[in-house]
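Protein chains in written order, with the numbering used here: chain G, 69 to 183; chain P, 821 to 934.
Derived from the structure by calculation, the hints contain no laboratory data. Even for Gly, the Cβ is constructed at its ideal location relative to N, Cα and C. Fair warning: there could be bad hints in the mix.
[Stated by the list, open to error] Facing chain P, from chain G, some residues (calculated, C-beta under 8 Å):
1) 112
2) 176
3) 180
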Amino acid sequence: AQTVTQSQPEMSVQEAETVTLSCTYDTSESDYYLFWYKQPPSRQMILVIRQEAYKQQNATENRFSVNFQKAAKSFSLKISDSQLGDAAMYFCAYRETSGTYKYIFGTGTRLKVLA
Amino acid sequence: GAVVSQHPSWVICKSGTSVKIECRSLDFQATTMFWYRQFPKQSLMLMATSNEGSKATYEQGVEKDKFLINHASLTLSTLTVTSAHPEDSSFYICSGGGGPNEQFFGPGTRLTVL
């Protein structure tokens with residue numbers, strides 16, 4: 069069965085600095101999707117960035133980028149120029165590309181941004 | 821992105837009563853919707869996969885008779901917590917649509933059982 073692990077329960081970063089959140093996963097599949105979701109205090113899940121496993125190029129979305137290491141089954145999120153609004157819970161998620169397409173979420177990392 | 825709504829956003833009920841939570845896709849049709857449960861400061865745990873016109877698929881450890889799921893139309897899935905008890909108090913989130921590389925999440929429903 070697939071698993072997703074986030075080893076950092078909490079991280080802090082100074083405003084305008086860069087922070088990297090870690091995520092590892094386990095799967096026997098060769099094709100899948102990986103995501104980072106942000107959950108602010110409102111609890112609404114917000115998609116931050118996604119990566120398709122068959123694409124070698126790391127995804128980027130403005131200040132957010134990932135380091136996808138398929139062989140190592142690692143999928144870290146880098147947030148550059150951190151802003152106060154980035155403070156939230158961040159969940160790494162794996163999604164299969166067949167069957168029910170269900171998500172498997174990691175345990176989350178709480179990001180604090182210090183002014 | 822597409823919009824998923826949930827109703828109610830917060831419900832308080834007495835122990836032993838049943839509570840229905842609605843999940844609607846407002847601008848797309850969803851043949852499949854997912855229901856998650858999230859305890860405070862924890863991750864989203866998939867409870868079941870709701871399939872339009874057929875029975876839901878429940879994850880291991882989730883009581884089918886406790887959490888009744890109905891997906892009668894392409895825009896509405898409902899989760900009914902039957903004979904709710906305080907341990908059922910949690911945040912329930914649904915999601916649907918978007919294909920394999922995207923999913924739209926509802927805003928969640930906070931259930932408090934007294």
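To see whether the hints hold, each was checked on the structure:
no.	hint	verdict
1	112	5 Å, holds
2	176	5 Å, holds
3	180	14 Å, violated
When held up to the earlier numbered hints, the structure conflicts with hint 3 and nothing else.
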